[in-house]
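J.: Construct all of the structure, not just a fragment, from the sequences and the given hints.
Under this note's numbering, the sequence shown has 57 at position 51, and the numbering climbs by one with no breaks.
I should point out that these hints are in silico values taken from the structure, not numbers from a laboratory. From a predicted model like this one, the values you see are computed outputs, not experimental measurements. Glycine included, every Cβ here is placed at the ideal spot set by N, Cα and C. Treat each hint with caution, since some may be false.
Each computed SDA-like pair below joins lysine to any residue, with the alpha-carbon atoms no more than 20 Å apart [unchecked claim]:
id, residue 1, residue 2
1, Lys90, Ile119
2, Lys20, Lys37
3, Lys20, Asp112
4, Lys90, Asp112
5, Lys20, Asp44
6, Lys37, Arg57
7, Lys37, Leu107
8, Lys20, Arg57
9, Lys52, Gly97
Each pair of labels, with its calculated beta carbon distance range [said to hold, decoys possible]:
id, residue 1, residue 2, range
10, Asn60, Gly128, 29 to 37 Å
11, Asn35, Glu140, 36 to 44 Å
12, Asp112, Met136, 12 to 20 Å
13, Ser24, Gly128, 20 to 28 Å
14, Glu139, Arg32, 20 to 28 Å
15, Leu56, Gly77, 14 to 22 Å
16, Asp137, Asp112, 24 to 32 Å
17, Arg121, Arg88, 34 to 42 Å
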Amino acid sequence: MRHYLLASHAYLSKGLASALELIIGRQQNLKYYCAYVDDTGQEHFKDVLLRDLNALPQEDEVIVMTDMFGGSVNNELMELIRRKNTHLVTGVNLALVIGILTGDPDEPAKELISRMVEEARGAMLYCNEMDLEEAGPMDDF
Numbered sequence: 007m008r009h010y011l012l013a014s015h016a017y018l019s020k021g022l023a024s025a026l027e028l029i030i031g032r033q034q035n036l037k038y039y040c041a042y043v044d045d046t047g048q049e050h051f052k053d054v055l056l057r058d059l060n061a062l063p064q065e066d067e068v069i070v071m072t073d074m075f076g077g078s079v080n081n082e083l084m085e086l087i088r089r090k091n092t093h094l095v096t097g098v099n100l101a102l103v104i105g106i107l108t109g110d111p112d113e114p115a116k117e118l119i120s121r122m123v124e125e126a127r128g129a130m131l132y133c134n135e136m137d138l139e140e141a142g143p144m145d146d147f
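T.: Structure follows, in structure tokens:
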């Protein structure tokens with residue numbers, strides 16, 4: 007089984023999870039972690055994430071997605087790349103997360119992630135530079 011963990015500064019991961027639920031429905035194997043939102047003794051996001059991660063069966067695959075390369079959230083989780091069956095992806099956007107969560111569960115995670123990163127890059131556009139006549143009608147996906 008594959009599990010998905012979203013971690014971000016503040017509430018971005020919660021917002022992504024909310025948008026995902028609206029678009030593709032509630033995902034039972036998805037958890038999110040909001041870092042640095044409260045300094046009143048709340049557990050550190052990494053401690054909670056690692057506890058949840060270590061509770062999963064070791065043979066299960068885990069895809070951890072963070073908001074920004076070089077940011078403290080991703081930096082704190084870099085050690086996970088050494089963990090068996092665990093993949094760390096950073097720079098997430100909604101298109102990437104949807105692609106990964108709705109991807110073929112039988113496709114190897116490494117291939118799925120690489121393909122979805124490329125597709126998500128293509129979804130980032132500066133719309134003012136588009137030729138609207140050439141682009142045709144804008145439909146929701």
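J.: Holds or violated: are the alpha carbons of Lys20 and Lys37 at most 20 Å from each other?
T.: 9 Å, holds
J.: Need the status of pair Lys20, Arg57: alpha-carbon distance at most 20 Å?
T.: At roughly 19 Å apart (the allowed maximum being 20 Å), Arg57 and Lys20 satisfy the hint.
J.: Kindly confirm whether 12 to 20 Å is satisfied by the beta carbon distance between Asp112 and Met136.
T.: 36 Å, violated
J.: Quickly compare the C-alpha distance for Lys20 and Asp44 to 20 Å and report which way the hint goes.
T.: Answer holds: Lys20 to Asp44 is near 15 Å, not above 20 Å.
J.: Are Lys20 and Asp112 close enough, with their CA atoms no more than 20 Å apart?
T.: Violated, at roughly 27 Å.
J.: Could you grab the alpha-carbon distance between Lys90 and Asp112 and see if it respects the 20 Å cut-off?
T.: 18 Å, holds
J.: The hint says 24 to 32 Å between Asp137 and Asp112; measuring C-beta to C-beta, is that right?
T.: 39 Å, violated
J.: Indicate whether the distance between the beta carbons of Arg121 and Arg88 respects the range 34 to 42 Å.
T.: Violated - the Cβ-Cβ distance for Arg121 and Arg88, about 24 Å, lies outside 34 to 42 Å.
J.: Lys37 and Leu107 were given as a pair; does the straight-line alpha-carbon distance stay at or below 20 Å?
T.: 12 Å, holds
J.: Within a Cα-Cα threshold of 20 Å, do Lys37 and Arg57 meet the stated pairing?
T.: Answer holds: Lys37 to Arg57 is near 12 Å, not above 20 Å.
J.: Between Lys90 and Ile119, does the CA-CA distance stay at or below 20 Å?
T.: 16 Å, holds
J.: Just to be careful, I want the Cα atoms of Lys52 and Gly97 compared with a cutoff of 20 Å; is the pair within it?
T.: 18 Å, holds
The earlier numbered hints that this structure contradicts are 3, 12, 14, 16 and 17.
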